[in-house]
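A.B. asks: If you want the building blocks of each chain, they are given just below.
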Amino acid sequence: MKAPALEFHRPDTVEAAVAILAEGDGAARILAGGQSLVPMLNLRVAFAETLVDIGAIRELAAIEDAGDHIRLGARVSHARIEDGEADGHCSGMLRHVARNIAYRAVRNRGTLGGSLAHADPAADWPVAMIALGVDVEISGSNGNRKLPVEEFMVDVFTTALQEDEILTGICIPKACPDLRWSFHKMRKKAGAFGEAIAAAVHDPESGFCRVVAGSSAIGGPQRLNLLETALQEGPADDDAIRDALTRTIGPLDRYEMQIHTVCLRRAIEEVRT
Amino acid sequence: MTTLSLTVNGRQVNTEIDPRVNLADFLRDRLSLKGTHLGCEHGACGACTVLMDGMPIRSCITMAASCEGVEITTVEGYDDDPLMARLREAFREEHALQCGYCTPGMLATAYDIVSRMDRADENEIRAELAGCVCRCTGYRGIVRAIERCIAEKSA
Chain A
15 MKAPALEFHR PDTVEAAVAI LAEGDGAARI LAGGQSLVPM LNLRVAFAET
65 LVDIGAIREL AAIEDAGDHI RLGARVSHAR IEDGEADGHC SGMLRHVARN
115 IAYRAVRNRG TLGGSLAHAD PAADWPVAMI ALGVDVEISG SNGNRKLPVE
165 EFMVDVFTTA LQEDEILTGI CIPKACPDLR WSFHKMRKKA GAFGEAIAAA
215 VHDPESGFCR VVAGSSAIGG PQRLNLLETA LQEGPADDDA IRDALTRTIG
265 PLDRYEMQIH TVCLRRAIEE VRT
Chain B
624 MTTLSLTVNG RQVNTEIDPR VNLADFLRDR LSLKGTHLGC EHGACGACTV
674 LMDGMPIRSC ITMAASCEGV EITTVEGYDD DPLMARLREA FREEHALQCG
724 YCTPGMLATA YDIVSRMDRA DENEIRAELA GCVCRCTGYR GIVRAIERCI
774 AEKSA
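If you read the sequences in order, they're chains A and B. Numbered as in our numbering, the first sequence ends at 287 without a single skipped number. Numbered as in our numbering, the second sequence ends at 778 without a single skipped number.
Because the hints were derived from the structure by calculation, they are not lab data. Errors might be hidden in some of the hints.
Stated by the list, open to error - To be clear about the criterion: a stretch of chain A counts as covered by chain B if any three or more of its residues have a C-beta under 8 Å from a C-beta of chain B, and this derived list gives those stretches:
id, stretch
1, 20-34
2, 41-53
3, 56-68
4, 120-126
5, 167-175
Stated by the list, open to error - Derived CB-CB ranges, DEER-like:
id, chain 1, residue 1, chain 2, residue 2, range
6, B, Cys663, A, Glu63, 21 to 29 Å
7, A, Arg261, B, Asp641, 50 to 58 Å
8, A, Glu177, B, Cys663, 27 to 35 Å
9, B, Asp652, A, Arg113, 31 to 39 Å
Bear in mind that the values here come from a model prediction, so they are computed numbers and not experimental data. Cβ coordinates follow ideal geometry from the N, Cα and C atoms, glycine included.
With the rest of the complex left out, here is chain A (with noise of 0.2 Å):
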């Protein structure tokens, strides 16, 4: 199938596809690498009257050392991630992360920002960048604004952005050289979503800690700050997985919970070990 008829516009400032999102009173979308929306498009189950291609806006595609953080345009690719773009001690993670999502042909075109704000609850940025803590930054009609990226992620293909917002760039804290991660998805096929997801990350020296799991079947990532304390006190069982799961998140059926739980036993014992 293919796209309806729709509004095409290509900005090259962040304040002209505000402008242009502010028009658009709802149903203007944002276009970055579209290898989610333009599926959706063509097949009938995301509507957009306007398109907002922010391919232009060149600032939206650099990577900078911020000093405490490196900060990474929404608009750069998967691909750039894989291959090592993003320096840092946390950028085996990164890598990590961008080289099993989907394939070569669509990382080269998806973006870590459109990943989060697309919000598709099976996807693994949401999961990976709530486990290394990123702050956001949004621009909109009334200014810019900066938030956890876990505020962020409200809900199931639900952001916080507004009508007339843009996801700018994302800014992931500098962790210390001993930096410990974990991050393990179940999937049927390379290149397929992930069925379960689970992240860990543990940073010894400043006790930064975080297990978050992540799937459609959990509808979306999820942080279990009760494995976290395990995490650091002692092996975690798969009781005590199975019971914060069931404590955050409410009851699974047997096949979830058992992927769940191995995904996330897997997480934190390689960061433990």
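Got chain A sorted already, so can you dock chain B onto it with the hints?
C.D. replies: Showing chain B alone in chain A's frame:
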């Protein structure tokens, strides 16, 4: 309508397009480059893979209007590119195609794999190829053709 200027197979194209048109349809219907094949039209099968500025992309889920200023290479456009010439040969030697429908996408993907990777075992090649579907189940030949070209690179 929106204006579009890009380079396709070395030729400058300046035109007006309906912004709902994807790159694959633009190449096939407006430029009559029928070598780019459409399979699933939602980014899952890889048949429509072409190179944009030297990198493989899915032309069915890329809006043509997003291609302002880029350079597109389709299967018709490699001319005497030495790597593509060698890949074509290796595909023939290894029987890496049967019906040929997936071949343009396979060649673009293979071109990228051989360009990027100095060594790769069969599993790595299969993982890299996972986004391209061959319904004649001819993967063995395709993988061997790519393996051969990578091996020759480091020889």
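A.B. asks: For every hint, state whether the structure bears it out.
C.D. replies: Against the structure, the hints come out as follows:
no.	hint	verdict
1	20-34	holds (count 4)
2	41-53	holds (count 5)
3	56-68	holds (count 4)
4	120-126	holds (count 3)
5	167-175	violated (count 0)
6	Cys663/B <-> Glu63/A: 21 to 29 Å	holds, 26 Å
7	Arg261/A <-> Asp641/B: 50 to 58 Å	holds, 52 Å
8	Glu177/A <-> Cys663/B: 27 to 35 Å	holds, 32 Å
9	Asp652/B <-> Arg113/A: 31 to 39 Å	holds, 35 Å
In summary, the one numbered hint that this structure violates is 5.
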